[in-house]
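Make the full structure from the sequences, and use the hints.
Numbered continuously in the numbering used here, the sequence shown closes out at residue 188.
Just so you know, the hints here were simulated from the structure itself, not pulled from any lab data.
Just so you know, not all the hints are guaranteed correct.
To be verified - Computed cross-link-like contacts, BS3-like style, restricted to lysine-lysine with a CA-CA straight-line distance of at most 30 Å: (1) 89 <-> 148; (2) 55 <-> 136; (3) 145 <-> 134; (4) 115 <-> 55; (5) 134 <-> 89; (6) 149 <-> 139; (7) 139 <-> 89; (8) 55 <-> 149; (9) 115 <-> 89; (10) 146 <-> 89; (11) 145 <-> 55; (12) 89 <-> 55; (13) 145 <-> 115; (14) 136 <-> 89; (15) 148 <-> 55; (16) 146 <-> 55.
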Amino acid sequence: MNKMEVFMGQESKTRLRVRIDETDMAGVVHFSRYFVYFGIAHWELLKSLGISYSALESSGVRPTIVVAHCEYKSPARYDDVLVVRVEVSEVKEKSVKYNYEIKKEKKLIATGYVIHAFVDVNTHRAVEIPSWIRERLEVFDERTNA
Numbered sequence: 043m044n045k046m047e048v049f050m051g052q053e054s055k056t057r058l059r060v061r062i063d064e065t066d067m068a069g070v071v072h073f074s075r076y077f078v079y080f081g082i083a084h085w086e087l088l089k090s091l092g093i094s095y096s097a098l099e100s101s102g103v104r105p106t107i108v109v110a111h112c113e114y115k116s117p118a119r120y121d122d123v124l125v126v127r128v129e130v131s132e133v134k135e136k137s138v139k140y141n142y143e144i145k146k147e148k149k150l151i152a153t154g155y156v157i158h159a160f161v162d163v164n165t166h167r168a169v170e171i172p173s174w175i176r177e178r179l180e181v182f183d184e185r186t187n188a
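Below, the structure is given as structure tokens:
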């Protein structure tokens with residue numbers, strides 16, 4: 043159950059249902075899974091903007107995570123329906139910062155952010171974000187739309 047809702051200019055939301063294999067011995071979602079949830083919401087956002095992973099690689103670049111941060115506020119459990127909100131908070135020359143919030147109904151479960159640097163697929167060195175990607179991401183950049 044992945045459902046995407048796009049709110050142009052601000053954020054996007056993805057709904058996920060917690061599977062049993064995502065929980066730990068305590069019966070709560072394992073801490074590492076929150077980064078997976080962030081990643082699902084991130085790629086749903088990019089797909090909604092017409093940016094596919096294959097198109098990125100064909101253009102010679104790929105986003106690479108250089109910073110990942112998560113704060114756990116409340117546990118999530120098997121079969122919970124979570125909403126992962128993602129917003130583009132900053133678009134720089136070579137990187138993009140995404141902010142995340144995970145909620146179960148109105149209860150805050152986790153917050154975090156991830157910074158992706160764009161790198162050349164051959165040299166693995168940071169490169170400028172291609173203009174066609176930048177233009178689409180800036181639609182969501184909260185600084186651009188303030």
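The hints, checked one at a time:
no.: 1; hint: 89 <-> 148; verdict: holds (26 Å)
no.: 2; hint: 55 <-> 136; verdict: holds (25 Å)
no.: 3; hint: 145 <-> 134; verdict: holds (28 Å)
no.: 4; hint: 115 <-> 55; verdict: holds (19 Å)
no.: 5; hint: 134 <-> 89; verdict: holds (20 Å)
no.: 6; hint: 149 <-> 139; verdict: holds (24 Å)
no.: 7; hint: 139 <-> 89; verdict: holds (17 Å)
no.: 8; hint: 55 <-> 149; verdict: holds (15 Å)
no.: 9; hint: 115 <-> 89; verdict: holds (29 Å)
no.: 10; hint: 146 <-> 89; verdict: holds (24 Å)
no.: 11; hint: 145 <-> 55; verdict: holds (10 Å)
no.: 12; hint: 89 <-> 55; verdict: holds (13 Å)
no.: 13; hint: 145 <-> 115; verdict: holds (10 Å)
no.: 14; hint: 136 <-> 89; verdict: holds (20 Å)
no.: 15; hint: 148 <-> 55; verdict: holds (14 Å)
no.: 16; hint: 146 <-> 55; verdict: holds (12 Å)
Figure legend: structure checked against the earlier numbered hints; every hint is met.
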